Amino acid sequence: MSTVLLPPRHYLNDGYGVRSWLLTRDHKRIALLYLAGVTFFFFIGGAMAVLIRLELATPPGDLVTDETYNKLFTMHGVMMVFFFLIPVIPSVLGNFLVPIMIGAKDLAFPKINLLSWYIYVVGGLFTLYALISGGLDTGWTFYTPFSTVASTTNVIPAALGIFITGFSSILTGLNFIVTIHRMRAPGMTWFRMPLFLWSTYATSLINVLGTPVIAITILLVAAERVFHFGFFNPAVGGDPVLFQHLFWFYSHPAVYIMVLPAMGVVSELVAAGCRKPVFGYSFVAFASLAIAVLGFLVWGHHMFVAGESVYSALIFSILSFLVAIPSAVKVFNWTATMYQGAVSWETPMLYAYGFIGLFTIGGLTGLFLAAIGVDVHVTDTYFIIAHFHYIMVGGTIMGYLGGLHYWWPKMSGRLYNEGLAKLSAGIIFIGFNLTFFPQFVVGYLGMPRRYHAYPPEFQVLNVLSSAGASILGVGYLIPMVYLMWSLRYGRLAGSNPWGAVGLEWTTSSPPPTENFTETPRVTWDAYEYPASVETDVA
Amino acid sequence: MPPLFPERASTIAARVDALYFFLLAIAIFFGLLIAGLIVYYAVKFHRRSPSAVGARIHGGMVLEVTWTVVPLLITMVIFVWGASVYFAMAHPPDETLNIYVVGKQWMWKFQHLDGQREINELHVPVGRAVKLITTSEDVIHDFFVPAFRVKADVLPGRYVTIWFQPTRPGRYHLFCAEYCGTRHSGMIGEVVVMEPNEYETWLSGGAAEGSLASAGAKLFQDLACNTCHRPDAQGRGPMLEGLFGKTVTLQSGETVTVDEAYVRESILTPSAKITAGFQPIMPTFQGLVTEEQLLALIEYVKSLQAQPQVTAK
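Top line first, the protein sequences correspond to chains A and B.
Our numbering numbers the first residue of the first sequence as 57 and each following residue consecutively.
Our numbering numbers the first residue of the second sequence as 20 and each following residue consecutively.
Accuracy of the hints is not assured; some may be wrong.
Derived, one-sided and incomplete: chain A residues facing chain B with beta-carbon distance under 10 Å [to be verified]:
no., residue
1, 421
2, 516
3, 532
Calculated directly from the structure, the hints in this document are not laboratory data.
These numbers were taken from a predicted model, which means no experiment stands behind them.
Just so you know, even glycine gets a beta-carbon here, dropped at the ideal spot from N, CA and C.
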């Protein structure tokens, strides 16, 4: 192995002042700004989860009042969904990688990219203020007429914070779509793109098409609350179920906004971890688009017990089964990719294994919910809580952490402590399952969600879940420590520490501000490995 | 040892559980298949030298088609099965014991036709199909009895029906399953399933005020409904005898079935759907009658069907 030096000029030493960060137009620096933002909101949302699990360790509501408990789970949901899960992978990894992966110098609209971050931060702080200065007790779902008539908490400030943040999603989505269409390097055809870009592209479509609907819905809620228009309140002629249609028309596709980018990351991790092409490249690519399209047609499965007609329930049920197929196709293709691979046991691949396992459980339990006869019993219980945490935490966060570990050497130029990283990946996997698996059982037993107090026969399962949450919390803190530590003390990474292919591994670590010293010309397909590879580690 | 599986106390519960176990078998099979393959491949194909690369395999059409079509067929079987269970849940039998339910922050109110009223406790006989006609006074609630595998949102401004047939006497949890504000987790109660003879005893013990329909009849007079809705077809409003369940033609030429929702709407928003041949002269009773009074009036209108002679004088 050759001696590795930091490149003399790279994006991190291109200016050190506050202005060089807060006024940057470099997509890589903006990615790091987002990294700071999403990490901040993740730990706030996580702290709420800790308090929720502490309260639920005992059956009576004895740690906090019912009012406080309702505000805690609302704050947990709002922070995690709107300010962590939706932006996390596109804004951090997508921002860093989209231009580099297609061989471009930056995104199509660098100033708009910076604007997106400012909108995100303003929206986030606005919402945070609303939640701290009195709180919000509607749940992240804002169901009417409770949110428009009955709740006495900060509905409008919180809703406006989410409204503002939506524009950040729209602008980022637009930026990615234009960039992927217009700025690919010579020879980088659509079907030579890494699969991460296909899923980022599909996600961006959902962001651009879906987010305006939630924005309108939020304005209608605000209008009904302030001016007493009868949109949703039946006492003045509205329909409370109309809100749910509008809300889930965005919020179901939002689930795919959260998980599609993680699927894209996993495709990259599996290809690099096996050093071979992803099995069925075009099937995986089109599965992303199929999920994005079908994802818009299944919102009614959130409403099987909400007063929906029998026949619309049937339509939404069958469509929900159809949307499961492309996800299953992806899982099979990732697994098949491992066959005759040079399979790695390094940290990014451990996260990929974790993602596939947990996402499979999340997806399979989704079949229970698409089957209306079973959904009637388990909806609004802890079964649902477990299911969507398997998708969003087991899926999205595992994918995100895997991607963060895989591209960390590129982003920072340095390697983290592999032993600690493996250890924390294991802790997270065990803690996650201990937290959420018992919730499937207690959900089928009938424990409703959003309950501050519960009957004593549910306690054992809840204690297991709370114990798991404390393990999971530790697992999330460890990477914070060793990743920060690596920034200063980590070994230098070199341009290609994994021996992976992909344009991002052809430039220095960290890359120069303009990403490539000369524009690459692409003459090869994605994941085309030579007969043997050299790793480039100090 | 705490329970790991819920009690099964209604006719539908066994059907829900059967599908649940089928799904569980599918989930375990595919879960173990994927996990097993990952572990097996991770060990068997573990990278042995730092420069090793994998085989150049790009895909295979046969496999792609197989793992698209097989899951599709399996999910279609689940769809049909799940839909058939749901159909049974959605369609109550013709002969049911009807009980009215009103949800409000944060309690359940039950109104039996014989006049008994209960709060957070519902007594029903074993072996009979029970139909609940539910509404909410304020926000959305949800009537959930895990042992019956029955759940439905209880909506303000609408009547949602839920039915179940208890199979075992006992006391079962009743939960509000739709978040409804501060004391949501306190909006709980019990369904008490009794042997038929015990139920009869219980039923005869409570009713002090007469049947729900008779309460409706008194209200019908008190609100002076009877000045216009007369039994002799001479009134300024439609004759209500025998009306419930019929189809009437509106001024607009549309037709509407007279059900609970239509009677409710006609009391609260009389001008919305005027019966052909009548003037829009009825005042609104919005704010003048409670949800429970509305239910009494509806039950009274229903009762007029069987015995057209028994009318308010």
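How the hints compare with the structure:
1. 421: holds, 7 Å
2. 516: It holds, given that the least Cβ distance between residue 516(A) and chain B is near 5 Å, below 10 Å.
3. 532: violated, 23 Å
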